[in-house]
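S.K.: These are the residues of each chain, in order.
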Amino acid sequence: MSQIVVEKKVLNENQKLAAELREKFREHKILVVNIISSPGSGKTTLLERTLERWDKSKRVVLLTGDLQTENDAKRLARWGFPVRQIITGGTCHLDAKMIEKHLADWPLDGFDVLIIENVGNLVCPTSYDLGEHFKVVILSVTEGEDKPLKYPSIFVKSELMILSKVDLLPYVPFDAELAKSNARSVHPGIEIIETSSKGDGLDQWTKWLEEKLAAVKSGELVSA
Amino acid sequence: MHELSIVSSVLDQLDELKKQHEGERFTKVGLRVGELAGVDVDCLRFGFECVVKETHWEDLVLEIEQIPRRQRCPQCSEEFRAENWATACPKCGEVETVIIAGEELQIAYVEVEE
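The listed protein sequences correspond, in order, to chains A and B. So that you can map any letter, position 90 of the first sequence is 90 in our numbering, and since no number is skipped, the others follow by simple counting. So our numbering is basically just the index in the second sequence, starting at one, shifted up by 224.
Derived from the structure by calculation, the hints contain no laboratory data. Incorrect hints may appear among the rest.
Lysine to any residue pairs mimicking SDA-like chemistry, simulated, CA-CA at most 20 Å apart [as the list claims (entries may be wrong)]: (1) A:Lys9 / B:Glu287; (2) A:Lys9 / B:Tyr333; (3) A:Lys9 / B:Ala325; (4) A:Lys97 / A:Asn12; (5) A:Lys16 / B:Asp236; (6) A:Lys16 / B:Asp239; (7) A:Lys8 / B:Trp309; (8) A:Lys9 / B:Ser229; (9) A:Lys150 / B:Pro292.
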């Protein structure tokens with residue numbers, strides 16, 4: 001009996017592809033954001049509201065993942081930015097290979113921001129690096145305040161938490177302060193923006209994207 | 225839920241490794257899974273059993289080492305186990321400490337019979 005020391009990441013292949021994507025994004029100076037939440041937290045709605053008010057001189061491109069249907073891509077295409085649906089056919093997350101495949105015939109020149117809307121799931125997408133600069137997690141006020149404690153990994157790995165649907169706060173028994181303090185207890189440095197489809201926080205969110213984009217363009221922000 | 229994909233990734237890498245070790249029989253694979261890896265260890269074991277069944281990996285034993293989350297304090301260099309997501313430094317109270325272990329999802333070793 002003998003032992004071979006392997007010491008390799010299980011998702012080595014994904015990691016390698018993610019590194020290639022990252023290099024490509026760096027070359028083209030594109031900001032890449034990976035948006036993750038439970039199903040129904042408002043990922044697509046947030047993106048609709050974002051595109052609606054987005055400065056059209058800065059080109060956004062979107063990839064949106066779901067198990068089935070092109071519904072989200074159709075919703076997002078209305079603002080004239082390029083959108084592509086990734087249908088995973090049952091897989092609970094997006095991986096780097098899917099991103100590579102769907103970007104393969106798209107010239108990245110002239111794009112400024114790539115937004116990836118992951119499959120609605122707080123667990124599996126956490127493990128797959130897509131070459132992004134940032135993960136952004138959305139928690140809506142119709143969920144539990146303890147979600148950051150129940151699903152800590154994604155809150156640890158996200159730069160920003162969006163607390164969505166805050167216009168419903170008067171009608172639901174949700175303690176926003178408790179939710180925020182739970183998020184900060186698992187990730188003390190996490191940034192938090194409160195939003196709603198009625199317009200709350202959207203300026204702050206687009207400003208966040210614009211600041212990160214400026215940092216990518218100046219070379220100040222390089223993802224590792 | 226993605227534990228089956230994880231199992232396939234492990235077996236793909238073992239198939240690759242096997243090419244460099246012709247004629248040897250792999251008897252055990254050791255994985256290292258951190259508590260932040262987002263992987264359920266019971267699901268992983270169950271998925272593994274399902275996937276290897278009736279394949280050339282049927283007799284392969286899976287051993288999993290679970291790695292607890294550990295943090296380091298940038299102020300006083302204290303290293304500590306972060307239990308219940310309490311990540312503040314127990315020595316000096318610094319709130320923003322750095323993860324040094326617990327994110328692993330690795331194939332650590334393979335045992336072979338020559």
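S.K.: Hint by hint, note whether the structure agrees.
M.R.: Hint-by-hint comparison with the structure:
1. In summary, the hint linking Lys9 of chain A to Glu287 of chain B is supported, as the alpha carbons are separated by about 16 Å, within the 20 Å threshold.
2. Distance check on the hinted pair: Lys9 of chain A and Tyr333 of chain B sit about 11 Å apart at the alpha-carbon level, within 20 Å; holds.
3. Distance restraint check for Lys9 of chain A and Ala325 of chain B: the Cα-Cα separation of roughly 14 Å lies within the 20 Å cut-off, and the hinted pair is therefore satisfied.
4. Restraint check: the Cα-Cα separation between Lys97 of chain A and Asn12 of chain A comes to about 12 Å, which is no more than 20 Å; the hinted pair holds.
5. Taking the CA atoms of Lys16 of chain A and Asp236 of chain B, the gap is near 15 Å; set against the 20 Å cutoff, the hint holds.
6. Restraint check: the Cα-Cα separation between Lys16 of chain A and Asp239 of chain B comes to about 18 Å, which is no more than 20 Å; the hinted pair holds.
7. A threshold of 20 Å between alpha carbons decides the hint, and for Lys8 of chain A with Trp309 of chain B the separation of about 27 Å lies outside it, so the pair is violated.
8. Only pairs whose Cα atoms come within 20 Å are accepted, and Lys9 of chain A paired with Ser229 of chain B is accepted, the gap being roughly 14 Å.
9. A distance of roughly 16 Å separates the Cα atoms of Lys150 of chain A and Pro292 of chain B; the hinted pair therefore holds under the 20 Å criterion.
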